[in-house]
Amino acid sequence: MIETVTKNYADGVFVSYQVTYVNSNRVKSVPIAEDNTDHQAIQEWAKVEGNNIIDNGA
Amino acid sequence: MGAGSDYSSGTLSTTWTANTNANRAVGQVNLADSTANEWYITGVQLEAGEVASDFEFLPVDVNLQRCQRYYFLKADHSTGSENIGVGLYYSSSDFRTVVNFPVSMRTRASLDVETASNAYQFRRNGGFDNLDDFFADGNISLTSMTLINQSDASGTAGQAGYLFTNSSGAFLAFDAEL
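Residue numbers (this note's numbering), protein chains in the order written: chain A, 1 to 58; chain B, 1001 to 1178.
A portion of the hints provided could be inaccurate.
[Claimed, not checked] Across the chosen pairs, the derived CB separations fall in these ranges:
hint: 1; chain 1: B; residue 1: N1019; chain 2: A; residue 2: T37; range: 52 to 62 Å
hint: 2; chain 1: B; residue 1: G1004; chain 2: A; residue 2: E3; range: 40 to 50 Å
hint: 3; chain 1: B; residue 1: T1156; chain 2: A; residue 2: V22; range: 35 to 45 Å
hint: 4; chain 1: A; residue 1: T37; chain 2: B; residue 2: N1030; range: 32 to 42 Å
hint: 5; chain 1: A; residue 1: M1; chain 2: B; residue 2: V1044; range: 26 to 36 Å
No wet-lab data here; the hints were simulated from the structure.
Since the structure is predicted, the reported quantities are computational estimates derived from the model, not experimental observations.
Think of the CB as a built atom: it goes at the ideal place given N, C-alpha and C, for glycine as much as any other residue.
Can you build the whole structure from these sequences, using the hints too?
Here you go:
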């Protein structure tokens, strides 16, 4: 289950999402790709009230 | 797979003989006597529809390649350090490495990694730099990904070295599953 989603930046550009999971040391770095199922899961997760994608900027 | 004492409490017959229920399953290991038991099977082919086709045996390498279209495990520390590849410092606090995939993946894959203190180690210039995890750069293709660490990296820009897993639990994989 997704715990947090944070935007990753490289060279000043948003490049991927960093996803952490509840009670897990596993993280996924998810590309901006609509047919990637992790990307789809992020979009669904973000629709739930209280879930926010963290954007710390470049 | 399972038999009660009515069918297993007798004596195993070693010659053809008349049926005795208690002798039918003597010595049988009861698969159902614990939820921890496991049953391994192979050579099973499931097909949709009512017509069975010829059984398909695939070489291990073909099967592996088909699996790697969806998930590619590059390194796994479960049996010790495993090599990931060559990397470099893009700047003094920005480590990068490129991993090429053995086959084209289904879509642009997610990077799947352990995040833990010193999970990975980058050896360079006679020393090393421990790294906790990575994130994916945006220039991902179906056959390769650039990995970046900007949270722990500390070195000299332009300096190169090699990266490998460094602690129990560390792994690095690419996920493009359906």
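The hints, checked one at a time:
1. B:N1019 <-> A:T37: 52 to 62 Å: 55 Å, holds
2. B:G1004 <-> A:E3: 40 to 50 Å: 48 Å, holds
3. B:T1156 <-> A:V22: 35 to 45 Å: 38 Å, holds
4. A:T37 <-> B:N1030: 32 to 42 Å: Hint holds: Cβ distance 40 Å, inside 32 to 42 Å.
5. A:M1 <-> B:V1044: 26 to 36 Å: Given a distance of about 33 Å, which is inside 26 to 36 Å, the answer is holds.
In this structure, every one of the numbered hints holds.
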